[in-house]
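Single-letter residue listing:
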Amino acid sequence: GAVVSQHPSWVICKSGTSVKIECRSLDFQATTMFWYRQFPKQSLMLMATSNEGSKATYEQGVEKDKFLINHASLTLSTLTVTSAHPEDSSFYICSARRDFSTDTQYFGPGTRLTVL
Amino acid sequence: GEDVEQSLFLSVREGDSSVINCTYTDSSSTYLYWYKQEPGAGLQLLTYIFSNMDMKQDQRLTVLLNKKDKHLSLRIADTQTGDSAIYFCAERLRGGKLIFGQGTELSVKP
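As they're listed, the protein sequences go chains A and B. Numbering of the first sequence is given in the numbering used here, commencing with residue 1310 and proceeding in unit increments. Numbering of the second sequence is given in the numbering used here, commencing with residue 37 and proceeding in unit increments.
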């Protein structure tokens, strides 16, 4: 298998609070994990690439101080949305790369964030 | 630039074949992928093809790659209602970044 889990699957929070989303590779070690954001009826947009033990690489236009990424182990990466606002409401999906030769990414089930 | 284009909708009858098309712009792509997304869920990897291949078949799925035209297609034989979902093609750029198309919503009518 190549199972990736995310927790929580959905979260509702008040504006101004911070929310942490976890991404775990359950049956393999992932040196690299990716965080994506998906708006309704749209494609996935890569936010950042996270390598275990080092700082994440953010895509252009993504605020690193707002979307904090930590990749402390080979099976866990976390995304913290700090001081969330309604415009941060979205579907956040992580993926983990297992096989370097094919660079295949396996995706988690996603986390629906709603900021009131 | 990096761009992947797909048609947005496809409707077929159960039992027919579905063909979902995708075009990409980066000629240095090494792998091309097809993912399936059901409502409210993450992406499920369906299949992938290496850029030096023309075709790959996996059970009901056939992937065709025309590298000259930068055109990728996914054919689903004997389409079932359970195949209804959004299908994304993606190209892998050097460095590992994936660029996704907009997704094609496949609707299968009984």
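Hints are computed from structural coordinates only; laboratory data are not their basis. Do not take every clue at face value.
[To be verified] Pairs of lysine-lysine, DSSO-like flavour, derived with a Cα cap of 30 Å:
(1) Lys-133(B) with Lys-104(B)
(2) Lys-145(B) with Lys-92(B)
(3) Lys-133(B) with Lys-1373(A)
(4) Lys-1375(A) with Lys-1350(A)
(5) Lys-1323(A) with Lys-1373(A)
(6) Lys-1375(A) with Lys-133(B)
(7) Lys-1329(A) with Lys-92(B)
(8) Lys-1329(A) with Lys-106(B)
(9) Lys-72(B) with Lys-106(B)
(10) Lys-1373(A) with Lys-104(B)
(11) Lys-72(B) with Lys-1350(A)
(12) Lys-145(B) with Lys-104(B)
(13) Lys-1364(A) with Lys-1375(A)
(14) Lys-1373(A) with Lys-1329(A)
(15) Lys-92(B) with Lys-1350(A)
(16) Lys-72(B) with Lys-1329(A)
(17) Lys-1329(A) with Lys-103(B)
(18) Lys-133(B) with Lys-1364(A)
(19) Lys-1329(A) with Lys-133(B)
(20) Lys-133(B) with Lys-103(B)
[To be verified] Pair ranges (Cβ atoms, derived):
(21) Ser-53(B) with Asn-1360(A): 38 to 44 Å
(22) Gln-95(B) with Leu-1425(A): 20 to 26 Å
(23) Glu-1331(A) with Arg-96(B): 48 to 54 Å
[To be verified] Example chain A residues on the side facing chain B (calculated, C-beta under 8 Å, incomplete):
(24) Ser-1352
(25) Leu-1353
(26) Leu-1355
(27) Ser-1398
(28) Gln-1414
(29) Tyr-1415
(30) Leu-1425
Model, not experiment: these values are computed from the prediction. Every residue, glycine too, gets a C-beta built ideally from N, C-alpha and C.
Structure-based check of each hint:
1. With a C-alpha separation of about 22 Å, the suggested pair Lys-133(B) and Lys-104(B) falls inside the 30 Å cut-off, and the hint holds.
2. Between Lys-145(B) and Lys-92(B) the alpha-carbon distance is near 27 Å, which keeps this suggested pair within the 30 Å criterion.
3. For the hint pairing Lys-133(B) with Lys-1373(A), the CA-to-CA distance comes to about 18 Å; that is within 30 Å, so the pair holds.
4. This hinted pair checks out: Lys-1375(A) and Lys-1350(A) have alpha carbons roughly 24 Å apart, not beyond 30 Å.
5. The straight-line distance between the Cα atoms of Lys-1323(A) and Lys-1373(A) is roughly 21 Å, inside the 30 Å bound, and the hint therefore holds.
6. This hinted pair checks out: Lys-1375(A) and Lys-133(B) have alpha carbons roughly 22 Å apart, not beyond 30 Å.
7. For the hint linking Lys-1329(A) to Lys-92(B), the alpha-carbon distance of about 40 Å lies beyond 30 Å, and the restraint is violated.
8. Between Lys-1329(A) and Lys-106(B) the CA atoms are separated by roughly 39 Å; this puts the pair beyond 30 Å, and the hint is violated.
9. For the hint linking Lys-72(B) to Lys-106(B), the alpha-carbon distance of about 21 Å falls within 30 Å, and the restraint holds.
10. The hinted pair formed by Lys-1373(A) and Lys-104(B) fails the criterion: a straight-line CA distance of about 39 Å is larger than 30 Å.
11. For the hint pairing Lys-72(B) with Lys-1350(A), the CA-to-CA distance comes to about 14 Å; that is within 30 Å, so the pair holds.
12. For the proposed pair Lys-145(B) and Lys-104(B), the alpha carbon gap of about 34 Å is over 30 Å, so the pair is violated.
13. Restraint check for Lys-1364(A) and Lys-1375(A): satisfied, since their Cα atoms lie roughly 15 Å apart, inside the 30 Å limit.
14. Of the supplied pair hints, the one linking Lys-1373(A) and Lys-1329(A) holds, its CA atoms being roughly 14 Å apart against a limit of 30 Å.
15. Of the pairs offered as hints, the one joining Lys-92(B) and Lys-1350(A) holds, with about 29 Å between alpha carbons and a cut-off of 30 Å not exceeded.
16. The straight-line distance between the Cα atoms of Lys-72(B) and Lys-1329(A) is roughly 26 Å, inside the 30 Å bound, and the hint therefore holds.
17. Distance restraint check for Lys-1329(A) and Lys-103(B): the Cα-Cα separation of roughly 41 Å exceeds the 30 Å cut-off, and the hinted pair is therefore not satisfied.
18. Taking the CA atoms of Lys-133(B) and Lys-1364(A), the gap is about 17 Å. The hint holds against a cut of 30 Å.
19. The straight-line distance between the Cα atoms of Lys-1329(A) and Lys-133(B) is roughly 24 Å, inside the 30 Å bound, and the hint therefore holds.
20. As the CA atoms of Lys-133(B) and Lys-103(B) are separated by approximately 19 Å, the hinted pair is consistent with the 30 Å bound.
21. At about 41 Å, the CB distance of Ser-53(B) to Asn-1360(A) agrees with the hint of 38 to 44 Å.
22. For the pair Gln-95(B) and Leu-1425(A), the beta carbons lie near 45 Å from each other, so the given range of 20 to 26 Å is not met.
23. Glu-1331(A) and Arg-96(B) have their C-beta atoms about 35 Å apart, which leaves the hinted 48 to 54 Å range violated.
24. Contact between Ser-1352(A) and chain B, as hinted, is supported at the beta carbon level, the nearest pair being about 5 Å apart and thus within 8 Å.
25. The criterion of a C-beta within 8 Å of any C-beta in chain B is met by Leu-1353(A), whose closest approach is roughly 5 Å, and the hint holds.
26. Of the supplied interface hints, the one on Leu-1355(A) holds, with its beta-carbon coming within about 6 Å of a beta-carbon of chain B, less than 8 Å.
27. The beta carbon of Ser-1398(A) is not positioned within 8 Å of any beta carbon in chain B (closest approach about 15 Å), and the interface hint is therefore violated.
28. Here the hint on Gln-1414(A) is kept, as its CB sits about 6 Å from the closest CB of chain B, short of 8 Å.
29. Contact between Tyr-1415(A) and chain B, as hinted, is supported at the beta carbon level, the nearest pair being about 6 Å apart and thus within 8 Å.
30. Because the closest C-beta pair between Leu-1425(A) and chain B is about 20 Å apart, greater than 8 Å, the hint is violated.
Figure legend: structure checked against the earlier numbered hints; hints not met, in rising order: 7, 8, 10, 12, 17, 22, 23, 27 and 30.
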